[in-house]
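> Chains as they are written, first to last, in numbering that gives the first Met the number 0: chain A, 0 to 563; chain B, 0 to 549.
Because the hints were derived from the structure by calculation, they are not lab data.
Honestly, I wouldn't trust all of these hints.
[Stated by the list, open to error] With a straight-line cut-off of 27 Å between C-alpha atoms, the simulated DSSO-like cross-links for lysine-lysine are: (1) A:438 / B:247; (2) A:336 / A:317; (3) B:440 / B:429; (4) B:463 / A:336; (5) A:436 / B:429; (6) A:121 / A:455; (7) A:455 / B:422; (8) B:411 / B:422; (9) A:438 / B:539; (10) B:440 / A:438; (11) A:336 / B:519; (12) A:438 / A:340; (13) A:336 / B:137; (14) B:541 / A:436; (15) B:339 / B:422; (16) A:286 / A:296; (17) B:35 / A:32; (18) A:438 / A:426; (19) A:32 / B:80; (20) B:422 / B:137; (21) A:342 / A:438; (22) B:247 / B:519; (23) B:253 / A:32; (24) B:80 / A:286; (25) A:265 / A:336; (26) B:541 / A:455; (27) B:80 / B:422; (28) B:247 / A:286; (29) A:438 / A:336.
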Amino acid sequence: MTKEQAQYDIIIIGAGASGGLPAAAYLQKAGAKVLMIDANHEAGTHVKAHEYFAGATCVPCAGGFVGSTNPYWEDLELERYGAELIINKRSAGLIFPDDTSLFIGPADPEGTIQSLARYSQKDAETMMGWLTRVGEVFVEVNELLYFSPPTPERLDLIYEKLAYVAGIDVEDFRQMNGWEFLDAIFEDHRIKQFLMVTCTVSWVFSDMDARGEGPMGMVGALFLGLGQLKGSNHMVVHALLRVFTEYGGTLWKNTKVDEIVVEDGKAVGVRLSDDAVMHPGETIRAKYGVISNAGAKPTYDMLDENVLKQADPALAQKMKHWDMATRPSTVTVWVLKEPPKFKAAATDDYVDQADWIFKGMDSVDSWKDWSVAQRSGDLEGAFGDSGGWWEIFMPALIDPTQRSPEGPLTLRIEEVLPYHLRDENGKADVERWETEKWKLVDRREDILETMAPGFKDLILDRVATSPVDLARSNLTAVKGCAQGGAFAGDQNYLGRMPYRMPIDNLYMCNSVWPASLTFAGTGYNVASIVAEEMGIRDQDWWVGRPGQWFLENMPRLLPERLRT
Amino acid sequence: MMTINTNINTDYDVIIIGGGHNGMLCGAYLAKTGGKVLVLEKKHETGGGLVTEDFQSPYRFNLHATYMMMADVAPSHADLKLHDHSLAYITPDVQIAFHHRDGKALVFHRDPEKSAQSVAMFSESDAARFRTMFADFKEMCDEILIPATYVPAVPALDQIMQFQQTELGRKVAEVSEMTPAEIIDSYGFEHPRVKGALLYLATLWGITPDATNVGYLVPLWIYRMMNAALVRGGSHSLSSSVQGAFRKAGGEVKDRAGVEHIIMEGGRAVGVRTTDGDEYRAKAVVSTVNPEQTFLDFIEEEELPQDLVAAAKQWQWEDISVFTSHYGVVGPAPDYTSAKFNPDANHALMNVIGIESVEDVMEAHDDVANGRLGKIHGRATCTSQFDSLAAVGQDVCGELNTLRFETWAPYKLDNEDWDDVRKDYMARCKAAWQEYAPNLKDVSYGYEIVMTPKDIERRLINMKNGSFKQGSYNMMQMGYLRPNDQCSRYSTPVDGLYMAGAAVYPGGMILHGSGYNAAKVVAEDLGLNIWWQEPEMVTKAKAKQYLQDD
Numbered sequence: 000m001t002k003e004q005a006q007y008d009i010i011i012i013g014a015g016a017s018g019g020l021p022a023a024a025y026l027q028k029a030g031a032k033v034l035m036i037d038a039n040h041e042a043g044t045h046v047k048a049h050e051y052f053a054g055a056t057c058v059p060c061a062g063g064f065v066g067s068t069n070p071y072w073e074d075l076e077l078e079r080y081g082a083e084l085i086i087n088k089r090s091a092g093l094i095f096p097d098d099t100s101l102f103i104g105p106a107d108p109e110g111t112i113q114s115l116a117r118y119s120q121k122d123a124e125t126m127m128g129w130l131t132r133v134g135e136v137f138v139e140v141n142e143l144l145y146f147s148p149p150t151p152e153r154l155d156l157i158y159e160k161l162a163y164v165a166g167i168d169v170e171d172f173r174q175m176n177g178w179e180f181l182d183a184i185f186e187d188h189r190i191k192q193f194l195m196v197t198c199t200v201s202w203v204f205s206d207m208d209a210r211g212e213g214p215m216g217m218v219g220a221l222f223l224g225l226g227q228l229k230g231s232n233h234m235v236v237h238a239l240l241r242v243f244t245e246y247g248g249t250l251w252k253n254t255k256v257d258e259i260v261v262e263d264g265k266a267v268g269v270r271l272s273d274d275a276v277m278h279p280g281e282t283i284r285a286k287y288g289v290i291s292n293a294g295a296k297p298t299y300d301m302l303d304e305n306v307l308k309q310a311d312p313a314l315a316q317k318m319k320h321w322d323m324a325t326r327p328s329t330v331t332v333w334v335l336k337e338p339p340k341f342k343a344a345a346t347d348d349y350v351d352q353a354d355w356i357f358k359g360m361d362s363v364d365s366w367k368d369w370s371v372a373q374r375s376g377d378l379e380g381a382f383g384d385s386g387g388w389w390e391i392f393m394p395a396l397i398d399p400t401q402r403s404p405e406g407p408l409t410l411r412i413e414e415v416l417p418y419h420l421r422d423e424n425g426k427a428d429v430e431r432w433e434t435e436k437w438k439l440v441d442r443r444e445d446i447l448e449t450m451a452p453g454f455k456d457l458i459l460d461r462v463a464t465s466p467v468d469l470a471r472s473n474l475t476a477v478k479g480c481a482q483g484g485a486f487a488g489d490q491n492y493l494g495r496m497p498y499r500m501p502i503d504n505l506y507m508c509n510s511v512w513p514a515s516l517t518f519a520g521t522g523y524n525v526a527s528i529v530a531e532e533m534g535i536r537d538q539d540w541w542v543g544r545p546g547q548w549f550l551e552n553m554p555r556l557l558p559e560r561l562r563t
Numbered sequence: 000m001m002t003i004n005t006n007i008n009t010d011y012d013v014i015i016i017g018g019g020h021n022g023m024l025c026g027a028y029l030a031k032t033g034g035k036v037l038v039l040e041k042k043h044e045t046g047g048g049l050v051t052e053d054f055q056s057p058y059r060f061n062l063h064a065t066y067m068m069m070a071d072v073a074p075s076h077a078d079l080k081l082h083d084h085s086l087a088y089i090t091p092d093v094q095i096a097f098h099h100r101d102g103k104a105l106v107f108h109r110d111p112e113k114s115a116q117s118v119a120m121f122s123e124s125d126a127a128r129f130r131t132m133f134a135d136f137k138e139m140c141d142e143i144l145i146p147a148t149y150v151p152a153v154p155a156l157d158q159i160m161q162f163q164q165t166e167l168g169r170k171v172a173e174v175s176e177m178t179p180a181e182i183i184d185s186y187g188f189e190h191p192r193v194k195g196a197l198l199y200l201a202t203l204w205g206i207t208p209d210a211t212n213v214g215y216l217v218p219l220w221i222y223r224m225m226n227a228a229l230v231r232g233g234s235h236s237l238s239s240s241v242q243g244a245f246r247k248a249g250g251e252v253k254d255r256a257g258v259e260h261i262i263m264e265g266g267r268a269v270g271v272r273t274t275d276g277d278e279y280r281a282k283a284v285v286s287t288v289n290p291e292q293t294f295l296d297f298i299e300e301e302e303l304p305q306d307l308v309a310a311a312k313q314w315q316w317e318d319i320s321v322f323t324s325h326y327g328v329v330g331p332a333p334d335y336t337s338a339k340f341n342p343d344a345n346h347a348l349m350n351v352i353g354i355e356s357v358e359d360v361m362e363a364h365d366d367v368a369n370g371r372l373g374k375i376h377g378r379a380t381c382t383s384q385f386d387s388l389a390a391v392g393q394d395v396c397g398e399l400n401t402l403r404f405e406t407w408a409p410y411k412l413d414n415e416d417w418d419d420v421r422k423d424y425m426a427r428c429k430a431a432w433q434e435y436a437p438n439l440k441d442v443s444y445g446y447e448i449v450m451t452p453k454d455i456e457r458r459l460i461n462m463k464n465g466s467f468k469q470g471s472y473n474m475m476q477m478g479y480l481r482p483n484d485q486c487s488r489y490s491t492p493v494d495g496l497y498m499a500g501a502a503v504y505p506g507g508m509i510l511h512g513s514g515y516n517a518a519k520v521v522a523e524d525l526g527l528n529i530w531w532q533e534p535e536m537v538t539k540a541k542a543k544q545y546l547q548d549d
């Protein structure tokens, strides 16, 4: 067999917004010749905006944007390429079944303390202490925690910094699980629920039951910069693509990779599917290697099993059985005539202006029940009487350009429910989702009607996605998990997939640390590693520190009406 | 008034208003000349009517354009190397099936002989007539009508004189003067189902059976709809490929950049101001939106010649819009009852129901003209039957299919509002389809998306009144008169201002025509390097005196 000349330096499998795409933009700008290949019809599958009603857009998957701290804002000049960040002063709030509410906003300390003090003066003061210290070590922790590959040394430093923020001894911090940590520090269940949201379900996905990791997830989540992109979060995909193509990068879409080609222990290219739009069935070669954004199990499936087993039998085993079961998403998007009026706005008018709120539960114990039911496939238990926790987005409330000129806007709810639905005999079923999906939407509407009377009259349209739909929509979202896999057991921090695979010239940027979210730590990290190895890391523009640009520009990025 | 961040950017050669199919195409040709080109798009995505949404589902819904009639003939594919930018087509061998209530089916193939055999199942003599008609239409299209799509229009009188010079030209001229009904009649078809089917196709994209002086559309539509293609991965992948070529050539796109007005200085168009207050200046501005927007919304009346304003005010929208409904299902592709009669009926790209006679076609047009939602008829397509990328993730659990049903629809309903009846009408369309493909009663409908004529107008604002070709196809608005005799050759009476888009010759329907033709005119005026060759078919047509030599 003749070996054709490699046209590309690097091939990236998957143009996702957290991994492949930012990595491609960095590497191409640094001078590498990059080919990025995506199986889907557009880049950034989980950050796609859809128009549900004329002019009313919504991103069903990555509803919130947490990429504000990524150095790409500075290094890649994303604003020059059309990305506009909007920061909500009161980043995230919670509403509860008893129609009370709270919010926590690092950019609005006075408001935050007032909001929390309604329930506990002591907790409010503790949280203020936390937020002050978050500000002190914001850049440093972002760098250690999210924008560097994991090492045991970094983990020690991370614990040290996070324990400092929490105001407790580092050994205590490492010895407590998430529940114990909350009970030791806070008294009010609402404030505890806010931290559980950040930890277990939304951003960092630590296991609340795990010692050290539960507290790490909760405190670590406070270091993310929350926001929205003007015109929808998908605009970050447009901006990154513009950087990538302006510097000469190549993107192939509708093109699935079947195999990562390994020769003499080295990744040398990829073989494309016979069904691919570009070069079906052909092998495409890369000089310096292959980066997979496909996640552990799909990457395993693209590799010759024996080659991987030879290189690292334990890792091969781990990839084959990679746990994707802890965060299956269900998403419902409604088109509403106008924003709903939540009863909870009576305690806090923030609720009526928030683009990003969560629905909590009636107690911490309900969260524990939800957690058990969710993992055991008990749909009824996980949904509960009044729905589990919900992430509620109304992007148009902070960005009027996402609202229809005629008035309608979208409201999106994401809820984590089991992928495999088990019946009373424990038999797992996924097909049941076809019917359950719509039943749950109806029940959510009943609950929303009690939370915001008149809700049902506002409905113009609705579209629902089950975890099975999500798994089908993107081959990396195995079992409906869009974040690269569970962060439990031996899959957290040091236990995640390595950026550098035991096969030479093969790299991973999904199922690695940190989570595959819009903060795009994975893409940044893999780009750094590969650039280092190619000898192109030293660039005068590649100097941004995580969170620095965000801190410096925050006042400018608040929408005008929130600036006062 | 407070002024906000006005950025003034002066250094473009060309600014194109509208990132739809023609805007992008024009941009790609011009960017490859080395000129600096900016496309301004109001929406968050470019592509115009080439829109594919998935709503984070496994299904790729072509919410607007889906049948590509010029995939195999438009010169842009080779010129811009679109197939290097993730574009691939599928052209099914079985193209159109008319499914009948009694379980029969009339099926048209790419291969006209196979079509004739299907016609023969109804009438042997009509099969012979079909062969004659198809051969005529093919010759007219291949030799004249398709080449004419890729050159600017000529004035009617010149056109007539040109056509008089050759026998084939005279034939085209003769057909052009006939109505669709007269053209089908002229071949003497006798079987009602054959006649009905051909008249339906002859009027498929929004002309009435009695429309005068647009007869040349009939051979085009019938011949090209028997060679229609789907874009793999969804129609939007076509516009993505053009955008890929545009970007590779250094072109720049600004999305969410709605135009407020065209900046005029000394009677000349010198740039564009966006609704965000940004100004962009260029040597040429190409508007690919409709004449009302271009001349009435973007420019002050005093700045324009009066007759141009008058022409823009007289612009007529279409009477016939479309209603589409889209379904993402778990379950098999449609299995038509008529497949027992003709197994090919299960493999057609487009499946027509409710049309079995000329009377059915007339009634359907009559309903639209009177704002009625009458008896259900329409065309159904299961895109996933042909394209594995139209419904992905089938290995997860269960077979999936992506279905669409499209029908003629009035923009304005008599006594009803589309917003109130959209779901009911979708249910009626679905039920009607299920009568012909009963297995669709048993599939699970996880996604249902509706697009009414009102939705078209709202989403694609240049398609006023749901007018998907951005203006009626009638004799006063076609050929050299599209959009009017001053602008149909892409330059306008306003220096520096050009037009392209579906409202300009040769019109809409993803012909790859007006953006392509306009690029040449703009490049000539700006002295940019015209790097592309005249298409061979055009050169031949000129040599045979079918087209005017320039």
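> All hints are to be evaluated individually against the structure, with a verdict given for each.
Now the hints, each set against the structure:
1. A:438 / B:247: Violated. Residue 438 of chain A to residue 247 of chain B sits at ~47 Å, over the 27 Å cutoff.
2. A:336 / A:317: violated (48 Å)
3. B:440 / B:429: holds (9 Å)
4. B:463 / A:336: holds (22 Å)
5. A:436 / B:429: holds (21 Å)
6. A:121 / A:455: violated (39 Å)
7. A:455 / B:422: Given pair residue 455 of chain A, residue 422 of chain B holds - Cα atoms ~16 Å apart, limit 27 Å.
8. B:411 / B:422: holds (16 Å)
9. A:438 / B:539: violated (63 Å)
10. B:440 / A:438: holds (20 Å)
11. A:336 / B:519: violated (46 Å)
12. A:438 / A:340: Measuring from Cα to Cα gives roughly 24 Å; hence the hint holds.
13. A:336 / B:137: violated (51 Å)
14. B:541 / A:436: violated (61 Å)
15. B:339 / B:422: violated (32 Å)
16. A:286 / A:296: holds (25 Å)
17. B:35 / A:32: Holds. Residue 35 of chain B to residue 32 of chain A sits at ~24 Å (cutoff 27 Å).
18. A:438 / A:426: Distance ~21 Å between residue 438 of chain A and residue 426 of chain A Cα, so the pair holds.
19. A:32 / B:80: holds (20 Å)
20. B:422 / B:137: violated (41 Å)
21. A:342 / A:438: holds (24 Å)
22. B:247 / B:519: holds (19 Å)
23. B:253 / A:32: With a Cα-Cα distance of about 25 Å, the restraint between residue 253 of chain B and residue 32 of chain A holds, given a limit of 27 Å.
24. B:80 / A:286: holds (26 Å)
25. A:265 / A:336: Not satisfied, since the Cα-Cα distance of roughly 57 Å exceeds 27 Å.
26. B:541 / A:455: Answer violated: residue 541 of chain B to residue 455 of chain A is near 64 Å, above 27 Å.
27. B:80 / B:422: Violated, because 42 Å separates the two Cα atoms, which is more than 27 Å.
28. B:247 / A:286: Holds, because 23 Å separates the two Cα atoms, which is no more than 27 Å.
29. A:438 / A:336: holds (23 Å)
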